[in-house]
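Residue numbers (the numbering used here), protein chains in the order written: chain A, 1 to 384; chain B, 1001 to 1611.
Check the hints yourself; a few may be wrong.
Listed below are the simulated DSS-like cross-link pairs for lysine-lysine, each with C-alpha atoms no more than 25 Å apart in a straight line [unchecked claim]:
hint, chain 1, residue 1, chain 2, residue 2
1, B, Lys1223, A, Lys110
2, A, Lys59, A, Lys3
3, B, Lys1435, A, Lys119
4, B, Lys1019, A, Lys59
Counterexamples of contact, computed for chain B against chain A with all Cβ distances above 12 Å [what the hints assert, rightly or not]:
hint, residue
5, Pro1012
6, Leu1018
7, Ile1110
8, Lys1305
9, Met1347
10, Ile1516
Just so you know, the hints here were simulated from the structure itself, not pulled from any lab data.
The structure presented is a predicted model; accordingly, all values stated were derived computationally and were not measured.
Glycine included, each C-beta is placed from N, C-alpha and C at the ideal position.
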Amino acid sequence: MSKIVLEHIDKYYGESHVLRDINLTIEDGEFMTLLGPSGCGKTTTLRVISGLEKPQNGKMTINDAVVIDADNAFYEEPAKRGLNLVFQSYALWPHMTVFENVAFGLKIKKVPKDEIEEKVMGSLRTMRIDQYRDRYPNELSGGQQQRVAIARAIASSPKLLLLDEPLSNLDARLRIDMRAELKRLHKETGTTIVYVTHDQVEALTMSTRIALFKEGEIAQIDTPLGIYTNPIDLTAADFIGNPRINFIDAKAFYNGDTMTVKSPFGTYEFKHETLKLDEEIPENEEFDCVMGLRPELVDISLEDPGKKHTIEANVYASQPAGSETIVNLTVGEADFIALQIGLVEYDMNEKVYVTLHPSRMNVYNKETGRLIKFAKVKHHAGEE
Amino acid sequence: MAKTKSKQPRKPLTKERLKNQIRNVVGNPFNMIVFFSLLILFCLIIIPLLNMIQNSFVVAKAELRSIPGAKIGDYTLYYWKYLLASPLTKTIFWEPLVHSLLIGALTTVISVPVGALIAWLMVRSDIPGKRVISSLILIPYMIPSWCKAMSWLSVFRNSRSGSLGLLTGLGIDIPDWLAYGPIAIVLVMCMHYYAFSYIMVSGALRSINSELEEMGEIQGASKTQILAHITLPLVLPSILSATIMTISKSIGTYGVAANLGNRIGYYVLATRMKEFINDSPKGVGYAMSILMISLAAVTILVNQKLIGTRKSYATIGGKGTRSNLIPLGGAKWPLMIFLIIFLFVSMFLPLFVLVMESFQIMPGAGYGADNLTLYAWIGEIENAPSELYAQNGLFKNSEFGRACLNTAKLSIIASIITSFCGQFLGYITTRGRGKWYGKLTEQLIFIPYLMPGVAFSAIYFSMFSQPRLGGLIPSLYGTFTLILLVSIVKHFPFASRSGQSNMLQIAIELEEAASIEGASFWKRIAKIVIPLAKNGFLSGFLLTFISIAKELDLIAILMTPANYTLSFLSFEYSKEAMPQVADAICIVIIVFILVCNRIANRLGGDVSKSM
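Same shape as in the complex, but just chain A (with noise of 0.2 Å):
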C-alpha cells in the first residue's frame, strides 16, 4: 500500500554507468514488472529501492516520505523504508528452522510471542506450507523454499514487496504454478509489488505495468498489452513475444499525409492517424524501414479464400510442437514465421496462401530503429 517515485537515479560503479537517469513512478497496489536481459540494471534498480545499494544521484520517495536524497548523502536504512525482498537464491539462514527464518524480522522488531505465532502460522498457510514449519531449509525441495522465501517477506505485512526473479531457479511446471501463485497473492493482500525478471511471459501474465529496461535506461512503460503490441523500438520488439516477432524489410514514403510501404508482401497505405509522429519520420523520401509482425496473425490457408491482402507463399519448413505448429515461410526474398493452433503438417515447399493483417502490423524506422507506424491492439473477425 504505498506509491513509489523515483526521479533521476543514477548508479556508478566506480567509472561503469550503470543506471543511467531513471525515472519510474510505481502506483499503490500496482504490479510493476522491471523486464529485460541480463546486465541492463533492473536487479540494481530492485536494489537501490530496497537500500541495499545507495545511487550516486536522484531522489526516491515512498509515499511522499524521503527515502534517498543524494545530494545530501541521505540513504534511509532497508529496514525503515516499510518493505522486504525475496531473493533470488532465496537467503534462507540454513541454520534455522522454517519458522525461526519467518519469525526472525517480527522477533528483531519485539512483537510478542503469540503475535509472532499468529503472524507466521498465518504467513505459512497462505503459502500452504504450514506443515514444514520445524524443518530446515535443506531439507525442502526448491519450490518449498521457494515458498518460505516469500513468506518470511510477507510475514511483517510490508507496504512494498520487492522480488528478485523468484521463479529462474525452478523448473518449468513449477514455475507456472508459482506465477499464478503470486497473481493471488497480489490480489488478494494488495500490496504494491515490484517484480525483476529476464522472462517476458512472467512479465506477461502477471504485471500491471512494465518498465523494459535497456543498457541501464527505461525503454519503455507500459501495459503489459500496451508492451506487447506496440513495443517502442527493434530491440523491445524483439524481446517480447515468443515465437519472436517478424522483421521484414521494406521502403517507406511518407507525404505528411499518408504513408506508403512497400514490402515484399505488398504495398500497404498506412492513414494520419496510425503513425506515432513524437518520432523522426523523414517527409518526401524513400526510407528504409522495418515491418514488425507477429507470427500468431499470420492466417494460413490451403486455398486461395480470397480475403484482402492475402499472398502466395512458400512453405520452407514446418515444426509442429503439440499444442501449436511453428511454420517457416518465405515469400520472394523474404522469410517469415506463422504460428498455427494445433497440429497441421506441411510439405516442404508446399504452396500456401497467407492473410496478413496490415492494420496490425508495426513499422519501425530502420534507422532509428523506433516505432513509427501504431498496430490496432484488438480486432474484429473480418477487419483487416
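Based on these hints, arrange chain B on the given structure of chain A.
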C-alpha cells in the same frame, strides 16, 4: 552490456550532506572495524618493519666504543659496512649467503620433482595401495623438520658429537661431510618440503579434465608423449608455485641448519643472523634480516610474474573429471618400491630411530637388551645408568614439565587470538572483495608470510626490546608476551586464509536478508555469521594450534630459559652429548601433532590449506 566510462557527478558540499556522510561512515560498525583492523595491522606489521630498517642505520649503546665520536642514536652505516664491506664479510655474509642459496637450490631441484612424481602416481596412475599410501603420505610433513634433523643425527652421528649414531655404532665409519653440513641439510629438507609440491601438483592434476589426456591417447600419442606434451604443461603453474615456495622456505630455514651445520661451522644466513641478534652487533643482524626479507620478496614477486593470473589451468566446461587411470605396466612395481622406500626413509625410519635411541643407554651401542632403559622417560639422575646423562628422565624432569606448560600456554592463547583475528580479517577481505580496504588488508596480511620466521622475529625483537610510546609499552625483552605476539602475527596469513574460506561459504545475501528484516550489524554477526562460521573456525583453530606448538624457527631468537617450549628444550638438549631425552621430547611432540591433526581432519580441516 555497454558500460560507458563516465565520471561520477560531483556534488556540492553542504552542511546537511557532510553531516549525513559522516553519519553514514561512522554509524556503520563495519567501517569502524575495518578502520581499527587496518590501524592494528599497520602498527603490528609496517611499523615494526620500518623500525628495524631504521635500527640498522642507528648507533646502539653496545657499539658506542667501536664507532669513534658517535653518540647513541646517530645515523651510521657501520652495521651495513660491517656486513657487506668489512674483512669479516666473507665469513658472515658471502659464505652463509652462498650456503643458503645452495641449500635452497638443491632442496628445490630434488624435492619438487619427487613431490610431483608422487602426486602423479597417486592421482593419475594405477599404482596399488592408494588408500594406505594417501593416509600416510603427509605424515612425514607433520614431523617437525628439526625432529627429522635429530633422527638423521641419530643415524649418522659420528664421534665429533660426543656420542655415536646408529651406523657408527655398527662399526661403519661416517665421514663429517655426510653426517653434517649441506648434504645432510638438503636431504632432511627434501623429506620435508616434498609436501608442498605433492599437495599443489595433486590439486592441479585432480582439477584437469581427463579428457585432455584421453584425446592425446586417441590421437596415438604414447604415454611419455602425453605426459610431456599434455600433462606437464598443464600442471606447470602449480609446479612453479611449489618451486618458489620451497626455495623461499628453504633459504630462510633455521632449525635444521642449526642442528646439522653449526657443529662443523657450516653456517647459513639464518644461523648467522641469530648469532648477531642474540649477541652483537645487533644492527648487523637487522641488516641481515632485511636482506633475507628482500630475497624472499624477490622470489615471491618472480612467482607472481611467472604465473600471473594463470594460477591454475582448472579446466572449465566438459564433464570429464572421471579419471581413467594410466596403466603403469612394467614400471608399476619399481615405482611402488620407490614409494615404499620413500615412506620408509622419511617417516618410519626417523620415528623408529628416535624411539629406539630414547631407550638406549649408550647411543650407537646397539639395541641389545643390556643397552636399553626407560631412563630417558622416567629415570632420576641419581639412578642414571651412565654418568653422561645430564638430566632427569622426561616425566621426572621439572624443565620438561615447565616446557609443556609453556607450550600449552603459548599454543592455546596464541591460536585462540590469532584464529579470532583470522575470522575477522577473513570477513573484511571477503566482504570487501575488490574494494580498496579489502585489497589493502590482504596485502598487509601477506607481508608476514613473505618473511622467514627468524627474520620476522628479528623485527619484533628490534621493536620491543625497548620501552615504546613513552613507557606505555614496557620493554618486552625476554618475555613470554613477545613470543606470544610474534606467534600471533606470523600466523595471521594462515588464520585469515582459513577465515576467508570460511566466510566465503556464508553468502552475503544471508546478511542482506537479515538487514532488510531490521537486524543491526552486531545482531547479524551474532545471529547469522557466527552460527554459520562455527565449524570452519574450529578446524582452522586446530591447524593453527598444531603449527604454533611445533614452531622452532620463529621463536628461536626470542627464547629465554624461563620460556622454553618443548621444541626449544629438545633443541637445547640435542646440542649436548646425550641426545636420548631430546629424542623423547621429539616423540612427545610428534604424537601430539598426529593426534591433533586427526581431530582436525574429523572436523574438516585440511593441512594443505596451511600453505
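Results for each hint:
| no. | hint | result |
| --- | --- | --- |
| 1 | B:Lys1223 x A:Lys110 | violated (69 Å) |
| 2 | A:Lys59 x A:Lys3 | holds (14 Å) |
| 3 | B:Lys1435 x A:Lys119 | violated (40 Å) |
| 4 | B:Lys1019 x A:Lys59 | holds (18 Å) |
| 5 | Pro1012 | violated (8 Å) |
| 6 | Leu1018 | violated (8 Å) |
| 7 | Ile1110 | holds (47 Å) |
| 8 | Lys1305 | holds (26 Å) |
| 9 | Met1347 | holds (40 Å) |
| 10 | Ile1516 | violated (5 Å) |
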